[in-house]
Amino acid sequence: MTLLSGPPRVITAGAGLLRESLAAQAVATTPVDWRPPLPGTGRALARVLADPRLPAANARAVARLTSARPVLAAVRRASEVLDLGRMTFLHAGPPITWERASGPLRGALIGAMLLEGYAHDEREAEDRLAAGEVRLEPCHHRGAVGPMAGVIGPSMWMFEVRDAEHGGVAYCSLNEGLGKVLRYGAYGPEVLERLAWMDRVLGPVLSAAVELAGPVDLRGMIAQALQMGDELHNRNRAATSLLLRELAPAVVDASPRDAAEVLRFVGGNDHFFLNAGMAACKVATDAARGVPGSSMVVAMARNGTDFGVQVSGLGDRWFTGPAGVPDGLYLGAYGPADANPDIGDSTITETSGLGGFAMAAAPAIVRFVGGEVADAVAATRAMYEITLSEHPAYQIPGLGFRGTPVGIDLTLVARTGLLPVVNTGIAGRVAGTGQVGAGLVEPPLEAFTAALLALAESANDPLY
Amino acid sequence: MTPTDMVLVRPGVYHDSVALMRVSRSMRELPGVEVAVVAMATELNLALARDLGFRLPAAGPGDLLVALRGGDLEGAAAELDRRLALLSGARGREAGEQSPLTTRSAARRPADLVLVSVPGEHAFAEALDAVLAGLDVMVFSDGVPVGQEVLLKRLAEQRGVLVMGPDCGTAVIAGVGLGFANVLRPGPVGVVAASGTGAQQVTSLLDLAGIGTSHVLGVGGRDLSAEVGGLSTLRALRMLDDDPATELIVLVSKPPDPAVAGAVREVVAGLSTPVVTAFAGERDLTAAAEEALRALGRPVPAWPCWPARPGPEHPDGPQGRPVGPPRAGREESRGRRGGRLLGVYSGGTLCAEARLIVGRGEFTDYGDDAYTRGRAHPMIDPTLRLEALSRAEPGDVVLLDVVLGHGADPDPAAALAPALAGCPATVVVALVGTEDDPQGLHRQAQALARAGAAVFASNAQAARYAKDLP
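So the sequences go chain by chain: S and Y. Start counting the first sequence at 1; every next residue gets the next number (our numbering). Start counting the second sequence at 1; every next residue gets the next number (our numbering).
In case anyone wonders, no lab produced these hints; they're calculated from the structure. One thing to keep in mind: the hints can contain errors.
As the list claims (entries may be wrong) - Distance windows between CB atoms, simulated:
#	chain 1	residue 1	chain 2	residue 2	range
1	S	Pro462	Y	Asp468	51 to 61 Å
2	Y	Glu227	S	Gly229	54 to 64 Å
3	S	Asp83	Y	Arg108	39 to 49 Å
4	Y	Pro274	S	Pro462	33 to 43 Å
Unchecked claim - Non-contacting residues of chain Y with respect to chain S, defined by C-beta distances greater than 12 Å in every case (computed):
#	residue
5	Pro100
6	Ala261
7	Gly270
8	Arg340
The beta carbon of each residue, even a glycine, is placed where N, CA and C say it ideally should be.
I would like the entire structure built from these sequences, with the hints used as guidance.
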């Protein structure tokens, strides 16, 4: 079959008149709903697209991302695995200083100071943080991710997730539950008591249980949870149930005395799986890092002030813009005025084709995207326009088991003007408040355009 | 009622320029609307609106600019919304379906060819998507940097696909007309064309002679330059050689770069299908069509002209002897002789051919990039050429082309005839088209002739006739 064998089926991009003229000749057409690229990106786009490395680089990056086989390998203390020295904390998002930190991040840092015994009270904690006595570093720089404020101190217990395909490893803390919790910037007595219990009971028991149960296949678990109505960011109910079912016997074997309490805690927190899922996403996206010339996004993360992205072909550089305030539903009497700008590393789920990208799998939470199941389906369908591939294992039953859209491509974001759909929790803006709601947030355009311009700078010119 | 201004900016709303020009024009026809600019807020369009006296807010090329002046603007704005909604609906978006936003996305569906006509600065991305998806592509857009053309064509070589263009205005694949294309009877002649209107002239004349066309493969005006190296021409020649429906190949182009000409000759020598070349300047397009007829062993007819010559037709035209309709009998009213000779063209190759034949006068190709930036091609939008006609003076001779077919003005005579009737100059028209074109060759010819023009199916003959006018 060659072009000349018969009347062609034609894709048309551009003038409607030319398409109409084909339609008048009864030719089958697929019109592209074309629009100009984002302002200021035209030249950079042309340079990046002309880089002869690009197609193979992106194919390789997204293949590594989707072929990763994350398994929950262990639960271990951060001090053992993250090389955290004294007075060092990891946090969510791109690098930030105490001066620029928002309320929830400050609150979480204060709580962590108290938890680690670096300060006796809130005032001392604040003083020492403000004096620059504490070293702050992004989780992403240590192969870790943290939800919301994402503060990790040396004593905290971490999920250790290994990539059985490429050999990487990633870490994430244990989920405390909803409401007044450290990750949303709360540090009151009930928060610290819960953390102390997690330190004393939950961590050791889970650690022993995972050791007994052996590595848990998170890729399979995520694939199943998608088919049970989770999108793995704002809904983790199915995945949490699956993990609980997998670990429960081992928890009992490991600690008959504490088993009921541990299982009650895990079972009572619909988001318990989120942190394990985030580490699974982190280990998969890390496998796709460092492919020269690739325009695929390997991290999206927020620190409550800035929204940052990292790109496979651009090493560990961050490209940032101001974090937006999420649009969503609020708990109790809270409202938009109480909301902090977007925060957390949990956008690693969207980076891996879950969360907002898999909204069509989670009709139960469509309230977050405007109320109609059709909106959730439209959100997922739109993401196929800016992604390189469809996930071979993570599928959406309602879309005929089509794989989730995965591998955000900077060039497609610039060409379509479509930004990644991000589901998120909403933290209170005042330190110590905790969670106030959940919803959707729009990433800042400039983070993506800045990354594209940088990639253009490093592009190979094929003609010289 | 004193006219007032209404200026609106719709951020992120995009429609293509041709569609918006149609909307602007239809808005001006509404009662109470004096001025209507509905356009993407490019520098050019912003300047245009400012020149019209509108005060404009900040807006960028990704935003839709609406500037209206008149009496009942509320009603007009509502009507505009209705018409823009129709445009969006025409894109075939269904509820719940995501329209593809890029060629890459559209290529997930079965397709054989991609037709790219987005603004030239953005055409590379769409064409590259096509090549990477293994699809042949026609780039109608002009203004694509030559470096991008070279890159696309090198990649296309690796992937075994054909890149037609950039600035490829015409193609016909198995009877399907793409861009500006005539309705041609099926037949044995395959055309490789670095010139769209050149291909249209040759195939239309062949059609008039009863000879059909298998395919017309455009390659873009720069393909045979040293930089591009004729990559698409060579591929297109081989494709037609392999095509069982093609018995004779006609290659229409400006004279190629000498090194490229060598490569072309080498490939042509190795083909099993005979090739007739029509390099502008060496042989006019009409002569090339006649050469093709002779190569097929077919008689060369007298090319039609209007008003028809009295008495029996004689096939005496082809050798360059003066042919043409009888003088229109309006010389007295046309005033004195010895005025200027003005070439007012929409087709670049036709313009160059006529200029060469006439050897004097002022020739303008209104299809050139310089005239099409920010407005539709003169084959669609007659405004600039009508203005040029209105500037003609008694004693002038105006030579112009009218190109029919898909994509072109659905009734060019409707706008031209009144202008011709009011024009004090002698007007000669080269009418390129076929009887099966949507506009109908004879219908257009008769309307133009009735308005006082001398009309020829052959551009070369029209040019000679104009040259020989006293």
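So, going through the hints one by one against the coordinates:
Between S:Pro462 and Y:Asp468 the CB atoms are about 53 Å apart, so this pair conforms to the stated range of 51 to 61 Å. Take Y:Glu227 and S:Gly229: their Cβ atoms lie about 57 Å apart, and the range 54 to 64 Å holds. About 45 Å separates the C-beta atoms of S:Asp83 and Y:Arg108, a value consistent with the hinted range of 39 to 49 Å. For the pair Y:Pro274 and S:Pro462, the supplied restraint of 33 to 43 Å holds, since their beta-carbon distance comes to about 37 Å.
The Cβ of Y:Pro100 does not lie farther than 12 Å from every Cβ of chain S; its closest approach is about 5 Å, which violates its non-interface assignment. Against the 12 Å criterion, Y:Ala261 stays outside the reach of chain S, whose nearest CB is about 23 Å from its own CB. Against the 12 Å criterion, Y:Gly270 stays outside the reach of chain S, whose nearest CB is about 19 Å from its own CB. At the 12 Å boundary, the C-beta of Y:Arg340 stays outside the reach of chain S, the nearest C-beta of that chain being 34 Å off.
Checked against the numbered hints given earlier, this structure breaks only hint 5.
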